[in-house]
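Turn these sequences into a full structure, and let the hints guide you.
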Amino acid sequence: MKKFLLSTLAVACAATMSAASYTVFDISNPSNWTGGANGYETSVTVNGKSFTLKTMKDASTTDLISPVANTYAWRVYKGSKLSIESSAVSMKQIVITYDTFNDGQYVGEGVLSSGWSGTVNTDEASYTCVSSGLNSFEMQAQAKQLRITTIVVSDEEGEDPGQGGGEDPVLPDGVIYENAFDSNLDGWVKINDESLSDFSGWKINQNNPKCAICNSFYGGENHAANAKMEYTFDLKDYTDCKLSVEQAFGYDFPTSQVDNYRLYVKSGNATDYLTFAVFPEVPESGNWSKSFALNEFDLSEYDGSTITIGFEYATDGSKSRAWELKNFKLEGTKAGVGVAEVATDSNVEAVYYNLQGVRVENPANGLYIVVKGSKVSKVIF
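Just so you know, we're using our numbering here: the sequence shown kicks off at -18 and counts up by one.
Be aware that one or more of the hints could be misleading.
Lysine-lysine pairs mimicking DSS-like chemistry, simulated, CA-CA at most 27 Å apart [claimed, not checked]: (1) 38 with 191; (2) 35 with 171; (3) 171 with 59; (4) 73 with 59; (5) 30 with 59; (6) 271 with 307; (7) 247 with 223; (8) 310 with 223; (9) 247 with 310; (10) 38 with 171; (11) 217 with 125; (12) 271 with 300; (13) 307 with 217; (14) 217 with 310; (15) 223 with 300; (16) 217 with 191; (17) 300 with 209; (18) 171 with 217; (19) 38 with 59; (20) 209 with 171; (21) 217 with 247; (22) 217 with 271; (23) 191 with 315; (24) 171 with 73; (25) 307 with 247; (26) 59 with 35; (27) 223 with 191; (28) 271 with 209; (29) 171 with 310.
To be clear, the hints were calculated from the coordinates, so they are not data collected in a lab. In this text the structure is predicted, and so the values were computed from the model without any measurement.
As structure tokens, this is what we get:
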């Protein structure tokens, strides 16, 4: 993920490169469904576009329950079907995200209606379905029960969100890289213990809280494991570099640095292990931290270098351990960016454009391009 600036010309042609996306189902923000044991239906309107979602018993031997009867996922029983219809949107991509309960037991593909094909990303618990542009979509859970947390429809085929890619976002001044770890690992390289071929290592937790998570409990057992994820950064043009990240835990609650959860920085042939100083409070009840703890690290000794930052999870399998991370941010001061330039841009009035390149005087409820002096970025209202 590299920082970039859109040219003024890019503002005018943004529409030709931008797709509209519609979150038609989100278990954390459910719509009203009507129906019974043989099927349920709901209609939703997203950004002015209407969609009808249905679930049908079909070949299922289990009576259906409302898709929002549970707070964690929509249960699509084996043999049952779901459908999405919209006369207003030519659907080219549908990304279905699954609940990751029991290490992905309910993640999988379905039998799709004519004109659709799909690819499952088990690491990110997602199923990306594409077509040339259709107004209807149907999927049958033929092999096993599937549990859905979100469904996002797009009118343009794009990259699988679980694989990263696509257009790089504009980063705030001073930010070299950031990832909330709420949707993908964005190019982080995973290094797993080779003796555990069925261990997924680091992945995105599709339940709440959305974050990166590593936990070697699967198949009903705890396993000894070592799993790393790391990313390489070029800091040659940066000074005063620093890192911040938030952490939380499950089943095991350290209050100081231990070898099970480590942050490291590789520079040349050296590997330095940094110390986490802030930990969430040990919960009085339950198996998970009640909040995340923010940790900040001074990386100025690596200014001007190429470094690799990594997180290492390690356990002997004697108990269950889960490590959660979110809101990773690497910052620094880039050479050539001075106070005068920042001050000049700060005094210029912002001008907003929609994604079609049309100037908007009073932006509201949507994604816009904002031009302020020499800087161009995107903003959501």
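Here is how each hint holds up against the structure:
1. 38 with 191: The hint is violated at about 31 Å.
2. 35 with 171: Violated, because 38 Å separates the two Cα atoms, which is more than 27 Å.
3. 171 with 59: Measuring from Cα to Cα gives roughly 32 Å; hence the hint is violated.
4. 73 with 59: 26 Å, holds
5. 30 with 59: With Cα atoms ~30 Å apart, residue 30 and residue 59 exceed 27 Å; violated.
6. 271 with 307: 14 Å, holds
7. 247 with 223: At roughly 15 Å apart (the allowed maximum being 27 Å), residue 223 and residue 247 satisfy the hint.
8. 310 with 223: 8 Å, holds
9. 247 with 310: It holds: about 17 Å lies between the C-alpha atoms, which stays within 27 Å.
10. 38 with 171: 39 Å, violated
11. 217 with 125: It is violated: about 51 Å lies between the C-alpha atoms, which goes past 27 Å.
12. 271 with 300: 20 Å, holds
13. 307 with 217: Roughly 26 Å between the alpha carbons, so the hint for residue 307 and residue 217 holds.
14. 217 with 310: The hint holds at about 18 Å.
15. 223 with 300: Roughly 34 Å separates the two Cα atoms, so the pair is violated.
16. 217 with 191: Not OK: residue 217 and residue 191 at ~32 Å, beyond 27 Å, violated.
17. 300 with 209: Given that 27 Å is the threshold and the Cα spacing comes to 19 Å, the pair holds.
18. 171 with 217: At roughly 25 Å apart (the allowed maximum being 27 Å), residue 217 and residue 171 satisfy the hint.
19. 38 with 59: 9 Å, holds
20. 209 with 171: 6 Å, holds
21. 217 with 247: 15 Å, holds
22. 217 with 271: 39 Å, violated
23. 191 with 315: At roughly 31 Å apart (the allowed maximum being 27 Å), residue 315 and residue 191 break the hint.
24. 171 with 73: Violated: residue 171 and residue 73 sit about 30 Å apart, past 27 Å.
25. 307 with 247: Holds. Residue 307 to residue 247 sits at ~21 Å (cutoff 27 Å).
26. 59 with 35: Distance of about 16 Å is within 27 Å: holds.
27. 223 with 191: 24 Å, holds
28. 271 with 209: Roughly 25 Å separates the two Cα atoms, so the pair holds.
29. 171 with 310: 19 Å, holds
Of the numbered hints stated above, those contradicted by the structure are hints 1, 2, 3, 5, 10, 11, 15, 16, 22, 23, 24, listed in ascending order.
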